[in-house]
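Sequences and hints are given; from them, build the entire structure.
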Amino acid sequence: MSAPHENSLAHVNASMGAHQTHLNGPTPIDRWSESIQSALAGLTHFNCALVSAETSSTQDAAESSQLGCVVTTGRQKSGRGRLGKLWADTGEQGLAATFVVKSQTADRLAMAAAVATASTLRAMVGHDVAARIGVKWPNDIVVASPGAAPKKIAGILIESKDDRSLIGIGINVAQLSFAPEIAQCAISLLQLGHQCDRLAVLLQLIHQLDLHLSASNRVLEEHYQTLDRTAGLRLKFLTPQGVVEGVVLRCDPAIGLLVRTSQGVKTLPAATTRVEP
23 MSAPHENSLA
33 HVNASMGAHQ
43 THLNGPTPID
53 RWSESIQSAL
63 AGLTHFNCAL
73 VSAETSSTQD
83 AAESSQLGCV
93 VTTGRQKSGR
103 GRLGKLWADT
113 GEQGLAATFV
123 VKSQTADRLA
133 MAAAVATAST
143 LRAMVGHDVA
153 ARIGVKWPND
163 IVVASPGAAP
173 KKIAGILIES
183 KDDRSLIGIG
193 INVAQLSFAP
203 EIAQCAISLL
213 QLGHQCDRLA
223 VLLQLIHQLD
233 LHLSASNRVL
243 EEHYQTLDRT
253 AGLRLKFLTP
263 QGVVEGVVLR
273 CDPAIGLLVR
283 TSQGVKTLPA
293 ATTRVEP
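For the sequence shown, my numbering puts the final residue at 299, and the numbers step up evenly by one.
Keep in mind that the hints were calculated from the coordinates and are not lab data. Treat the hints with caution; some may be incorrect.
Cut-off 30 Å, straight-line C-alpha distance, at most; resulting in silico cross-link-like pairs (DSS-like, lysine-lysine) [stated by the list, open to error]:
id, residue 1, residue 2
1, Lys288, Lys183
2, Lys99, Lys158
3, Lys174, Lys99
4, Lys99, Lys288
Okay, structure coming up:
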């Protein structure tokens, strides 16, 4: 990373102020708005906050919000992921936020959001655990587990209309357990041994996302490559044109995932592609 990028990351850590990563108790939701608004000073992409104690979905709540708004809640009851998948309601143990930004290409937004989220989580944990956190294209942040499949700790949903995009991010923060149907594939910061305040996680995420939305494609791609858990794997992808199978080469913020197939290298956009289970 370049020196300016490193300086920006140092600013992110300094901006946390009194909201430490590890606290005796969570920050009450009625104190979130003021703290978030203070953290937005000097940022490029965000300038206001909308905080609610409870909502059905931060994506829905953000639909009528102005450009630059950070929308979050104490509890999200009906969150959703890509392709209509539901995000489990775990009460006040998870973090849900939607960021209203000016539209860029879907692949660039997905990459910026993934790098920002993974970087946030790495900042919350120790070095050994941080090295296990990476990105599973296109929208999952995962934690590698020795001898087992990676477990999902965060997810991203991007929805665009006209000149605005909604970047929805859900992070597992304080869950002690998950429903049986997802227990084998989900994990939280608490389960990794880190008791984190959701507000502290959010403040880190805001600054990381602002930073990476402004990064050049080259810097963004370089950072993504250090987190990529998909490159080199032979996978099957479901696309509007049918199934594509091949070896993942790399992810390009301008055009999407590059996959070497028996018919040559194909480019798969994040918005219309999903990995076959």
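We went through each hint and held it up to the structure:
no. : hint            : in the structure
1   : Lys288 - Lys183 : holds, 27 Å
2   : Lys99 - Lys158  : holds, 25 Å
3   : Lys174 - Lys99  : holds, 19 Å
4   : Lys99 - Lys288  : violated, 38 Å
In the structure shown, a violation is registered for the earlier hint numbered 4 alone.
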